[in-house]
Amino acid sequence: MELIVTEKDNAARRIADILSDGTADADRVNGVNVYGWGGKRVIGLSGHVVGVDFPPEYDDWRDVEPHELIRAPIDTEPTQEAIVAALRRLSRDADRVVIATDYDREGELIGKEAFDIVRGVDESVPIERARFSSITEREVTEAFNNTGELDFDLAAAGEARQTVDLVWGAALTRFLSLSAGQLGEDFISVGRVQGPTLKLLVDREREIEAFDPDDYWELFADLTKEAGAGFEAQYFYLDDDGTEARRIWEEAAAENANEALADAESAAVEEVNRRTRTDEPPAPFNTTQFIRAASSLGYSAQRAMSIAEDLYTAGYMTYPRTDNTVYPDDLDPEELLKSFSETFFGDSVEELLEQDEITPTEGDEETTDHPPIHPTGEMPTDLDDDEWEVYELVVRRFFATCAPAATWEHLRVVAGV
Numbered sequence: 001m002e003l004i005v006t007e008k009d010n011a012a013r014r015i016a017d018i019l020s021d022g023t024a025d026a027d028r029v030n031g032v033n034v035y036g037w038g039g040k041r042v043i044g045l046s047g048h049v050v051g052v053d054f055p056p057e058y059d060d061w062r063d064v065e066p067h068e069l070i071r072a073p074i075d076t077e078p079t080q081e082a083i084v085a086a087l088r089r090l091s092r093d094a095d096r097v098v099i100a101t102d103y104d105r106e107g108e109l110i111g112k113e114a115f116d117i118v119r120g121v122d123e124s125v126p127i128e129r130a131r132f133s134s135i136t137e138r139e140v141t142e143a144f145n146n147t148g149e150l151d152f153d154l155a156a157a158g159e160a161r162q163t164v165d166l167v168w169g170a171a172l173t174r175f176l177s178l179s180a181g182q183l184g185e186d187f188i189s190v191g192r193v194q195g196p197t198l199k200l201l202v203d204r205e206r207e208i209e210a211f212d213p214d215d216y217w218e219l220f221a222d223l224t225k226e227a228g229a230g231f232e233a234q235y236f237y238l239d240d241d242g243t244e245a246r247r248i249w250e251e252a253a254a255e256n257a258n259e260a261l262a263d264a265e266s267a268a269v270e271e272v273n274r275r276t277r278t279d280e281p282p283a284p285f286n287t288t289q290f291i292r293a294a295s296s297l298g299y300s301a302q303r304a305m306s307i308a309e310d311l312y313t314a315g316y317m318t319y320p321r322t323d324n325t326v327y328p329d330d331l332d333p334e335e336l337l338k339s340f341s342e343t344f345f346g347d348s349v350e351e352l353l354e355q356d357e358i359t360p361t362e363g364d365e366e367t368t369d370h371p372p373i374h375p376t377g378e379m380p381t382d383l384d385d386d387e388w389e390v391y392e393l394v395v396r397r398f399f400a401t402c403a404p405a406a407t408w409e410h411l412r413v414v415a416g417v
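Counted from 1, the sequence shown has number 323 at position 323 by UniProt numbering; the numbering is strictly sequential.
Hint data in this document are derived by calculation from the structure and do not stem from the laboratory. Virtual Cβ for every residue (Gly too), placed ideally from N, Cα, C. There's no promise every hint is true.
Unchecked claim - Pair by pair, the computed Cβ-Cβ distance ranges are:
| hint | residue 1 | residue 2 | range |
| --- | --- | --- | --- |
| 1 | 365 | 217 | 40 to 50 Å |
| 2 | 146 | 82 | 25 to 35 Å |
| 3 | 137 | 228 | 53 to 63 Å |
| 4 | 200 | 128 | 38 to 48 Å |
| 5 | 242 | 329 | 47 to 57 Å |
| 6 | 208 | 48 | 30 to 40 Å |
Could you build all of it, start to finish, from the sequences and the hints given here?
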């Protein structure tokens, strides 16, 4: 029996559906979903199924000095016992195991955890690694036809991060809590990411508290052209340096200017100036830029990534954790655009395909593990409103990277009263 191990249950279901051509049946092993067909079985983990902690003799905060935790031994214990038990049970009958967790540092560590569990049952069964950046039929099929080995160095990097998080967090949390006399539910939590993040928040809050605001006034007028069309105009003046200024810093001066403008019956055009500006299309999404764009739609980083991971698992977009901003050479932008021709996005695609040549933009960061975030060409039919909004964000960003530069015309009219 060939055993396939994925990072989550929904990925297991999707991969089983792809590899079995939709014939896989769902079963339960030790209360855990398992999908099988033709001598193959797929089990999904739940992220990390084992965790790290200190031995029980280090549990008492008052008896153990915080600095002792720095060199204390670290135990690894199952955190998802039902899944671990199911994986062990399936491993007994496996003659080949394929690790198909996410293709990144944490995914490699989770794969290493599964590797160790399988090795604890069978020391000789072949264990291979399948890597893919999107859960689409093409990529999954190619990944399973070209399996490799687990990257133990990358997994070790994940283990180092895990150990640092434990030691740093536990030692400093105990030290500060004991120093402040805050124990029990009132302890002071400190972490590798938590501490610096809190520092950023404190610094920003202090800047806000130290800010001394100054009042100023700006004047706007609703004007009407002789032809009858209306528009809004903003008042400006020349300051002592001869520079245009729009903010008036004295209330009396603002009132005087307002009265003078209100009394004027007409304004004479003194200057008309046209200029153009060219905006280059944006670079492809990496994780940071995706989160920033999603935040403008009102999504927190956590919510945006949660939705993105669901869309990735469903096969609608590529892996959302990436630093890369350069599309790989094997991505054909024209073919990917054409996959949206008969969809909701058809009009936008038609305009893009009218270009003589489609050359996507490139960002400054180029890596080889994952492509930038982009749609796979699969058109979803079962998304809720939030999922659709994030999906559309990813699709339209890809479209934008394939678009020509935008040219804007600015018209400036100066009128005197």
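Could you work out which earlier hints the structure fails to respect and list their numbers in ascending sequence?
-> none
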